[in-house]
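Protein chains: 10
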Amino acid sequence: MSRRDITDQIVQAKLRQGVSWADLAGLIGRPEVWTVAALLGEHPIVLDDAKKILRRLGLDEGEAYMLTNTPYRGSSQTSPPTDPTIYRFHEALLVYGPALKELIHEKFGDGIMSAINFSIDVDRKDDSAGDRVVVTMSGKFLAYEWNA
Amino acid sequence: MSRRDITDQIVQAKLRQGVSWADLAGLIGRPEVWTVAALLGEHPIVLDDAKKILRRLGLDEGEAYMLTNTPYRGSSQTSPPTDPTIYRFHEALLVYGPALKELIHEKFGDGIMSAINFSIDVDRKDDSAGDRVVVTMSGKFLAYEWNA
Amino acid sequence: MSRRDITDQIVQAKLRQGVSWADLAGLIGRPEVWTVAALLGEHPIVLDDAKKILRRLGLDEGEAYMLTNTPYRGSSQTSPPTDPTIYRFHEALLVYGPALKELIHEKFGDGIMSAINFSIDVDRKDDSAGDRVVVTMSGKFLAYEWNA
Amino acid sequence: MSRRDITDQIVQAKLRQGVSWADLAGLIGRPEVWTVAALLGEHPIVLDDAKKILRRLGLDEGEAYMLTNTPYRGSSQTSPPTDPTIYRFHEALLVYGPALKELIHEKFGDGIMSAINFSIDVDRKDDSAGDRVVVTMSGKFLAYEWNA
Amino acid sequence: MSRRDITDQIVQAKLRQGVSWADLAGLIGRPEVWTVAALLGEHPIVLDDAKKILRRLGLDEGEAYMLTNTPYRGSSQTSPPTDPTIYRFHEALLVYGPALKELIHEKFGDGIMSAINFSIDVDRKDDSAGDRVVVTMSGKFLAYEWNA
Amino acid sequence: MSRRDITDQIVQAKLRQGVSWADLAGLIGRPEVWTVAALLGEHPIVLDDAKKILRRLGLDEGEAYMLTNTPYRGSSQTSPPTDPTIYRFHEALLVYGPALKELIHEKFGDGIMSAINFSIDVDRKDDSAGDRVVVTMSGKFLAYEWNA
Amino acid sequence: MSRRDITDQIVQAKLRQGVSWADLAGLIGRPEVWTVAALLGEHPIVLDDAKKILRRLGLDEGEAYMLTNTPYRGSSQTSPPTDPTIYRFHEALLVYGPALKELIHEKFGDGIMSAINFSIDVDRKDDSAGDRVVVTMSGKFLAYEWNA
Amino acid sequence: MSRRDITDQIVQAKLRQGVSWADLAGLIGRPEVWTVAALLGEHPIVLDDAKKILRRLGLDEGEAYMLTNTPYRGSSQTSPPTDPTIYRFHEALLVYGPALKELIHEKFGDGIMSAINFSIDVDRKDDSAGDRVVVTMSGKFLAYEWNA
Amino acid sequence: MSRRDITDQIVQAKLRQGVSWADLAGLIGRPEVWTVAALLGEHPIVLDDAKKILRRLGLDEGEAYMLTNTPYRGSSQTSPPTDPTIYRFHEALLVYGPALKELIHEKFGDGIMSAINFSIDVDRKDDSAGDRVVVTMSGKFLAYEWNA
Amino acid sequence: MSRRDITDQIVQAKLRQGVSWADLAGLIGRPEVWTVAALLGEHPIVLDDAKKILRRLGLDEGEAYMLTNTPYRGSSQTSPPTDPTIYRFHEALLVYGPALKELIHEKFGDGIMSAINFSIDVDRKDDSAGDRVVVTMSGKFLAYEWNA
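Residue numbers (our numbering), protein chains in the order written: chain A, 1 to 148; chain B, 149 to 296; chain C, 297 to 444; chain D, 445 to 592; chain E, 593 to 740; chain F, 741 to 888; chain G, 889 to 1036; chain H, 1037 to 1184; chain I, 1185 to 1332; chain J, 1333 to 1480.
These aren't lab readings, by the way, just hints derived from the structure by calculation.
It cannot be assumed that every hint is accurate.
Stated by the list, open to error - Result set (DSS-like, lysine-lysine): computed pairs, CA atoms no more than 30 Å apart in a straight line:
hint, chain 1, residue 1, chain 2, residue 2
1, F, 792, F, 847
2, H, 1161, G, 939
3, A, 14, A, 51
4, H, 1143, G, 995
5, I, 1198, I, 1236
6, I, 1291, H, 1088
7, F, 865, E, 699
8, H, 1161, H, 1143
9, D, 495, D, 458
10, D, 551, E, 717
11, A, 107, B, 199
Construct the complete structure from the given sequences, taking the supplied hints into account.
Here's what the structure looks like:
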């Protein structure tokens, strides 16, 4: 069974069992976005956690070792994304990407925000004019450095 | 002169004059990311602000009216972006996009984060293990609603 | 069974049973375009309605929970569409898209027509010179607003 | 001077002169969407109307004959569109395109909505929950017929 | 069984049984190009004809209802086509497409040749310098008309 | 001046002078589609004919030698074409291309219709139900032959 | 079983049996490149030859009729090719394609080298500085001729 | 002046002066295909040869140094090529590419035909059934070898 | 079983058995990168080595002959790569590719680094500021030479 | 003058003046690959160095400030690259990319080689069997870490 097959089983079992992503993140004590990304096939999961998840979802624990492998990331989506919920992030990057680049250079110098030493959270913020989705990305600044 | 020509003039004059984006944002009292995006051709600018900017950069104020028009957005970049600083945001979306979708649905129900009723900030956070780039997006949640 | 598998089963059962889309929309009391889009995999369906549909088509009600999940939207088509009936809408957008943008800005200011707080209907209008397809889209205007 | 050059001149002169699209449509007594599309280079314009438009915008009437030619349509946009205002129509087609196809076939039989014998309007509808953009497309139904 | 599966079965059974396309067109009394296109999945076929075809090919008549559905057209090919026999038509369009457009406008005014009210035939013309493939397309002229 | 520059001059001069394509074809005694294709940059033109055309359009005859060169063909269009008049031919190929292939093989054996030893005409056929565009392609059949 | 399935069986059986392409070409008395291309799915094979091949490879002769059909050619590769051995031919075309065009026109006039009335061979030429791959293509020259 | 500008000047001067490619190759004593490719911008030319060419074409010898630089190769064409004369080589690669690969491996082992230690010629071969274009490629075989 | 199927089995068995790539390279006495590439389907493996690998992983040795075939290389990845670990090499090529070209020409003259007579290693270099990945490519220089 | 214009001037002046890249790197005391990449528009250059370079090449020092800006990287190439010298690196990535990923994970754990804290050198290694191009990349290993 490939990693993608296991991902499909996890998504279907989660629905069938009525388990939330928050439940699964709590079960292994990991952040929500990280956990969902990992279960959708974007991160390796340590063996004990993999077993806990599969057991909770009523799936075969014997496949847990497959979840410990570092996966090929980013392959589950078309580009640009067609799903409206995901597309809005793509659109924000189309409109604000160059501005982020300019300000990172102005505030830090030449370099990038790491997407590896990184975290990302999604929160609900109450607002009388309509609740807001707040997404926070935090990445270590990495300066362009020429080291051998 | 087209909008893109004016954008090029603004970027070159800013460099030549040694003006920062923060200066230009301060000059018109608008948020930094908004201001940079607008000056790179992604938002209309009210006439008085456009004139202030052009004057500060030593450019022809007579072209200010061109900056008041709502532009065609998002056309300045290739997709996927080749620039490493911008690419990292694209990569974060490849890896975490589906997880953001799942959690927005779990926390809010079916719908999206607006990229129109929206703001985005980039901040520098001191950290002894290396300073961090913190990008915060805030968008109004819009539920899928069928209204005529 | 994946969502796409269920969609395929629904389409084939509908044909085999000779049920119309209008029948299915009537069965759950929802608008026609919404219902067809949902059954083609573009919207979640509440559990009771999902069960009614599956029962009416002689399919396994046990899969109804799969239809309650918010799906990844828009992935069933190539772009540009090759089917002539769908292509004409794409062509209308190629020819009139920029004009719609200009007039939305002239009538409402800077912003967009929401495709989320939205409805779309297709009607038959009798006309002696040939009946007409009338498609009406109604989307809430969303002004560009910078809110945190 | 090519058609695209004249289009650019028209757009810039319109801004500089503070003329609205509605004014220009009124000047030649043609529908708004048609007029804007034509001036953006998507339709031929009869000579007298072309001269009226150029005169009103302070441009060289001697180029009016260029506007009478049937243009190569649809070439001014990337696909998919990056501009958010135009993209929402593309998104609506991604989500509802197959549903429109199914219902056109159910209501009319095998065939298409013409995009040639066609009109499209954009209106503002007041609504206490937020004004709405209403776009109405009307196209003659054309049945698949095998005629030599 | 999907429409594409049935198409595959038809193509293989036709080969195995040594039936010609002309035979199948004759069996249902329809034009050759129309019949082949329909059997390759591009047109719906009325139930009686579908049954005749399946019976003649030794296939399961119970699937005939699937052939009565209006299919999603045009999806069976890559673009541009790699097959040399099909590519030559694509090449003719690359070389002569703009000329056809210019002459349609000169002879008819602004508009198109319908591909819906349309027929296409392929004939063999004897020629001492080498027999010729003659393809004739006949489509109703549709003038651009703005009707609501 | 490049071939494309001369093409642009020809198209603009033709419009300005009110000359028809039929006039230009008559002037050099060549078929209409061939002449238009050649003047749009798809075929070489013999020197005397090139001079006649340029003279008739009031252009510089000294550039006639540029029209005698065999051009790089097919580069003036995007694929798929966005123009509706040209797109309909592309659509006909999407829907009927495989059927043409099957019937060419059935009537002639393995091989192609040449697009080089070839002609294409566009005619107006009167029809009380609406005049028709009739396009006839005639290409020599070329059998697959393995010759050294 | 589709043509592609049979191709896969042929390739695997050839490996398993340790048969060379030269053996298979010899078995049916056809040129090597032609034979390999045909067995990879690019040419029809006459029934007797198809049976000989399948028998030699220990495969089911009952499928031989499938090999007699004219296949859809050229669909087995991505473009540009990723395989280094095939890519070098693509690279030669990138570098020398326009030069071949210029010299064909200079030596023959306006026209093409046929890829239908055509042969291609690959030979090994001993050379003390390293043996050489020699590929020879021979195609009939086809002049652009306008015949109806 | 960029390399591409000089290429354009060479092509136009060659036409204006009525010089053949064979003349130019003879002038510098180099093979025809090599010379044409070099003059179209695909190879560097030694200074003396570059001067001879420019002088013969009546162009500015002062730009000869630009022709001595190793150029970025292969960038002058779209892929796949739209020009029919060039496309036939692309088509031959679509149909015979995998067969060439198989036979190179069978005759030489694992490796490639070099496109660097390489030559390519185009010749005219008289043939009573129609003269033939014969293209011969000769490339050194390079075995896959793992050397550090 | 296709080569890709065997690759999938190898990857899953390696994980299940807890065998490292270094173990497998040691088992057959070949370099690490070469071994991993070969087992992922990019190089042929001699029969004895193939058997050793399959035996070590508990797989069917009878399929070893499939691993001895020269595979179609490079087809397992999308381009550009979405996986961050692989993308960084693509990014390095975007930023430094032209510089490598310029310096190869300056140090060696016109030509290329062979990717066939080639080796590539990945090493871990300890560094107090963070260990480093060191990748060394060594390819024979091949001068552009015109040999027949 | 845009950054790309200055790059073009630098490349042409370098050729005209007969200056080597090594000279320019020596002039500013920076590594060769870094210097060439920077002068081709991929890195910012400090003002004094920019002035030295422009002076050495006889260009306008007044434009030096343009070279100090952090550029949009990676935009000068098509993907995949058509130039054979650059393509070989792309090919190496197609063949060995997944193997590099697997071994980085095996030697370091989950993470990437940085392309920012990075250096790349190209050297000439004498070898009696043909000199070799040796390219060494050194990038800091960055472990996937979830930090806020």
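Structure versus earlier hints, numbers of those that do not hold, lowest first: Violated hints (numbers, rising): 1, 2, 4 and 10; every other hint is consistent with the structure.
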